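Colleague: Same order as they appear, the protein sequences are chains U and C. Per the numbering used here, the very first residue in the first sequence carries number 1; after that it's consecutive. Per the numbering used here, the very first residue in the second sequence carries number 1; after that it's consecutive.
There may be inaccurate statements among the hints.
Any copy will do: because identical chains look the same in the list, a pair fits if it lies in one copy or spans two.
In silico DSS-like links for lysine-lysine, alpha-carbon gap of 30 Å or less [as the list claims (entries may be wrong)]: (1) K371 with K307; (2) K272 with K142; (3) K402 with K82; (4) K307 with K142; (5) K357 with K142; (6) K142 with K289; (7) K371 with K142; (8) K95 with K289.
Hints were generated in silico from the structure; no laboratory data involved. Model, not experiment: these values are computed from the prediction.
Number of protein chains: 2
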Amino acid sequence: MTENSAPLQCLAGVRILDLTQFEAGPSCTEALAWLGAEVVKVENPSTGEPGRTSFAGPPGGPDSFYFFEFNANKKSVTVNLKSERGLALVKDMAKKADVMIENMAPGTIERLGLGYEEIRALNPGIIYAQVKGFGEGSPYEKNLAFDMIAQACGGTMSITGEPDGPPIKPGPSLGDTGTGMTMAISILGALYERRATGRGRRLQVAMQDAMLHYIRIAFQAQAASGQAARRNGSRSATAVAPAGIFPCAPGGPNDWVYVFARQPDHWHRLLKVLGREDLIGNPSYDTPKARGERIAEVNEMVTDWTKRRDKHEAMRIIGAAGVPAGAVLDTMELMNEPSFAERGILQTMDHPTGPFKMPSWPVRFDGRPPKLEPAPLLGQHAADVFGEWLGMSACDVETLRKEGVS
Amino acid sequence: MTENSAPLQCLAGVRILDLTQFEAGPSCTEALAWLGAEVVKVENPSTGEPGRTSFAGPPGGPDSFYFFEFNANKKSVTVNLKSERGLALVKDMAKKADVMIENMAPGTIERLGLGYEEIRALNPGIIYAQVKGFGEGSPYEKNLAFDMIAQACGGTMSITGEPDGPPIKPGPSLGDTGTGMTMAISILGALYERRATGRGRRLQVAMQDAMLHYIRIAFQAQAASGQAARRNGSRSATAVAPAGIFPCAPGGPNDWVYVFARQPDHWHRLLKVLGREDLIGNPSYDTPKARGERIAEVNEMVTDWTKRRDKHEAMRIIGAAGVPAGAVLDTMELMNEPSFAERGILQTMDHPTGPFKMPSWPVRFDGRPPKLEPAPLLGQHAADVFGEWLGMSACDVETLRKEGVS
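Given these sequences and hints, build the entire structure.
Modeller: What follows is the structure in structure tokens.
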């Protein structure tokens, strides 16, 4: 059996001082950790970052599944930011770091004396990154935000839902992880530049602002129509058929298959699947425009076929015919589909509290995704990191701990 | 007036040979172009990549708004891949490129003789990137896919929608742009590594696989409940109140405000806004668990207040009180909010067919997002790129054009 993953060291030697919590920040540093950066989480000694304990986890374990997912491949040190010694420790680490990142509430990092100007004075080459809910200069720059606030204010909810229903929050936490992705890309750009120039950078992203980037399609729809982009349920924005989900047997909540046959060749292939070769070339059906005038009829034709198959069979047959088609799969079906584990897209974390199977980094490098290493226990790497970064002895580290600094 | 953007050259000198089309590939190279890479689109001489013409654009112009958005800051050359000379030209460019990327239908690039093995033989240090619908080794590896197919098969639709309704496609094109982001991050990691080691990489991502990464939250919900993650409409997954959208005046399709008050301090602040200080400390309401037992009553209390305000006022008042809150904004409201343009989050493309206002890269570098440069006209940079990369004279380039190669 071949290994389904391999250690990845693209960012070997890159030190990331990570003061983020929950998801928008941790999803960014998670991506960098997958690539091999040394990501060191700075957490408060009593409870750790709130993501550790705000959600359910394995019975008897201290940490949540949520924490496992967003903190894989990272290290953890504990530092009491309410003590002078603790703050000095973070500054010492900032001097040794390539990147420092935080996503605290607006104004908090500056009140701690760890703002951009202070840190740049200590380390002019540092890449200093901040993730907030709203941008500096926005009317809401001081407001708190979570994923759903960004999705409300960033337009993603306005374009999700049934045409005649209320806005729906997209299930994926795009406000958090989507934002984290834009910051990861920007940090990597700055790191690449820095290797050549030694230049540091101040990077800032707001979750609301990042959402606009993810709905560029909706802005083009608005540019074309002159009106705010609308909700389209499970359909495509354009009036084409078939383009949407179709019900399958046995009729459970996710027993649907998406079928999209706009191109003429896709439509003709679909007609063969449906046993309606007689309609190939019939001008009443042969163009997207013609079908757009009889959407209900075309959809009924497809439904009549799909409702007599289960979604897997429907996808298999329609997909193999060369028509874009996809079964609506739920998380359990995805988790149990063996090819994801075989290919390393799902990997199992070897955590001290037990194994945990989760999505890995989805990109394969020379055939394999990077290897999943466990999320750290609280403060697990204090001796390691304080030793390597700051030259502290085991005894020094123990003293910090005893004095409540770490 | 200060400039709202600045040219960014983090990836100055990085050459990207871009054979992608539509969105999953172009969104990836768009991110790299924002960072200052030289992204050269290779397009067919007759119509260009299909994204140029598959959607609406400005009247009289050749290109779509869609194309503008996903191809800002790039260059374009035309090459006829059906001619031997054209294929040789691409191979010559691949020898000079740092990155080559494609997202053609499965097997197409290999049939053209431009597969990984051929290109690596020409340029061992190249980073060769591929975006497909389904992963190599997946039961569906040969299937076609678009954004919505990836969203169906990747789980995002299964967790989006009302609890008792059908799956809904998230409005953002996560299957395309979300996937492109993971590839951009991976390319940047490989570029960073290559600067130190000279090592090339083969990178592959599948849109279905990338979706799993974006729904990590749903996998943790499943791990906690033992059941497939469910749809939650506009609410949070956990049974807390208030946590969701609330209707505002005057009752239009997007006249809603999201309010999230789970933490005790947020709940107390919200009670003050609602004029219900009397409930502060009342054990029937004071914990998330207590409110979870009277969700309808709590939501009604909030609704009674929100429905008498418009969403902007509601967000302003609740947000200023220190409670996470966000109005559901549509694309027109976002487009017309002046602070986005002031801050360079929306920028105007100075395109030959007229100005076009669109979302820019949302991350600010030293205070400003990178500057928006227009999407290229078809073949606009042939002389420029063939000259600089391949040493061709203007006359050589003209000959290529006359012979139908470019």
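Colleague: Evaluate each hint against the coordinates.
Modeller: Right, here's what the structure says about each hint:
no., hint, verdict
1, K371 with K307, "neither (41 Å within a copy, 51 Å between copies)"
2, K272 with K142, "between (59 Å within a copy, 19 Å between copies)"
3, K402 with K82, "within (15 Å within a copy, 72 Å between copies)"
4, K307 with K142, "between (51 Å within a copy, 25 Å between copies)"
5, K357 with K142, "between (38 Å within a copy, 27 Å between copies)"
6, K142 with K289, "between (49 Å within a copy, 29 Å between copies)"
7, K371 with K142, "between (39 Å within a copy, 26 Å between copies)"
8, K95 with K289, "neither (63 Å within a copy, 44 Å between copies)"
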